[in-house]
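Peer 1: What follows is the residue order along each chain.
2 protein chains.
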Amino acid sequence: MAEPLFHRLVLIGIGHIGSSIARALHHAPGTVERLVICDASPAHLARAKELELGDEYVADPAEAVAGADGVILCTPVGSFAAIAEGIAPHLAPGCVLSDVGSTKQSVIRDVGPHVPEGVHFVPAHPLAGTEFSGPDAGLADLFKGRWCLISLPEGADEDAVEKIESLWAALGARTARMTAAHHDRVIAIVSHLPHLIAFTICGTADDLADETREEVLQFAASGFRDFTRIAASDPVMWRDIFINNKDALLEMFARFSEDAQSMARAVRWGDTGYIEDRINRSRKIRKSLIDIKQA
Amino acid sequence: MAEPLFHRLVLIGIGHIGSSIARALHHAPGTVERLVICDASPAHLARAKELELGDEYVADPAEAVAGADGVILCTPVGSFAAIAEGIAPHLAPGCVLSDVGSTKQSVIRDVGPHVPEGVHFVPAHPLAGTEFSGPDAGLADLFKGRWCLISLPEGADEDAVEKIESLWAALGARTARMTAAHHDRVIAIVSHLPHLIAFTICGTADDLADETREEVLQFAASGFRDFTRIAASDPVMWRDIFINNKDALLEMFARFSEDAQSMARAVRWGDTGYIEDRINRSRKIRKSLIDIKQA
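Chains V and A are the protein sequences, given in the same order.
Numbered continuously in the UniProt record's numbering, the first sequence closes out at residue 295.
Numbered continuously in the UniProt record's numbering, the second sequence closes out at residue 295.
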């Protein structure tokens, strides 16, 4: 039998993404010899055990990472600095430390300084997820055909990077490398800004006078339903993402606001040519997504 | 056998909604004795015939409505005034004239003045639809469990209204009555504004520098994918809706803009409490939608 990629892999955080990794690993036997689940929430840890997601269940991150050759941070990005500081003295030489955070500059900023000599830091971000949270929300095929982006700090160890790339390949994902700054801009427009908008419009509807609000719910047509779906995502995770990708998110929001104001202006003044042109461009983007099988 | 609701029902426009009505009627035998399909596009009309959507296929609306006891306008709302003017002299006394337009004040304004004495005008709006267009996009179960809103002009004939309500019940929908002004506000927030936003953000992404744009497409995460889905909707139909529900749409857009600016400000200044609060409210709306089975 081939050597496993990791002898002892620790998932810190067994929410939607962590439990999806665990489930996907069950379908990739031989990839990991011993899977250790770690979560600060006793309820999450107990549920992970009931679901038999791993081989070992440990509440304390410092204890969990002892002797591990792989550690993946799967908690909200705002918690990374404290966790990295706490586990750093317990990481074995040669261990590969990775994450699944949706922001990459902040992760390199927060985790990087704590990584001990001889430990290999490989930040990663799988572009997958639903609006559901917690250990029960994991899906074995969540990463199938999706991208996992790798944003390397300076002087990253090539063998360690290839191990993380192989891990994501085993989970069904395709990998690509890009700088953290570039990653943060691309993800700001494709994921962070859409979430900010969805959270906002649900609040706007909620603020309407009482009678209308009930009808908003009752008569939610397809457009609004789609927005509420992504707006149902985890509050702490998204709060952390917004704060930690502030610059790119605010730049994309400014661009969007200008465009939305122009569209509103076209509606006010009946500029049908402008409106049709914008809608046609949107359709082309949708078509491109379908063509490259990302829709 | 029971008397049919309509002896000769004419669908003017055989796009997504028109062809869904035709298909749903095939599953509700006895509701309509003779279904007449009318469309200005020879290609759509030929395709409707190939799909055997109706009993008769007529290009000219004036010719199609002759002898009909029911007519439903299923074209973009911007075309209603001209169609109403053209068919008015050919409508038989007692005929019920209805529509499926997404704006109701504009429909009453545009169609109302053309309705001859003795013809009953019953504006309606089924809250259903996908991003697809044309006669092939029809779905027999599109209206199942969805709402159809009825907004009556002054002095509407109660028997005619009940006929239209029975028709939508036969198609699987629930009906509710509300004033046109109220309808237009509710639908502005649940449908029109989400579409305006989705069209806009796709354009914002398309305007990014070339290298990033390709990656935006390649790495489209779930948030953006959902937005492009609704942004793939028909340009002429949506142009007409925006222009014809301008006041309510611009008011809802102004409210949304204020809220989005406040969210951006919270992100800039790290106001985590505000961000979490807004996200939590969004989740509650989503939960309410699931509870009342509209999600």
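Worth flagging that the hints you see were computed from the coordinates, not collected in a lab.
We put the beta carbon where it would ideally sit given N, CA and C, even for glycine.
Possibly wrong hints are sitting among the right ones.
[What the hints assert, rightly or not] With a straight-line Cα cutoff of 27 Å, these simulated DSS-like cross-link-like pairs (lysine-lysine) come out:
1. V:Lys246 - A:Lys144
2. A:Lys287 - A:Lys163
3. A:Lys163 - A:Lys144
4. A:Lys284 - A:Lys144
5. A:Lys246 - V:Lys284
6. V:Lys144 - V:Lys287
[Unchecked claim] Coverage of chain A stretches by chain V, computed from C-beta distances (three or more under 8 Å per stretch; other residues unrestricted):
7. 178-191
8. 195-203
[As the list claims (entries may be wrong)] A partial selection of chain V residues facing chain A, derived with a Cβ cut-off under 10 Å:
9. Ser41
10. Lys49
11. Leu149
12. Ile150
13. Pro153
14. Asp259
15. Met263
16. Glu276
17. Arg286
18. Ile290
Peer 1: Tell me, which hint numbers fail for this structure?
Peer 2: 1, 2, 9, 10, 12, 13
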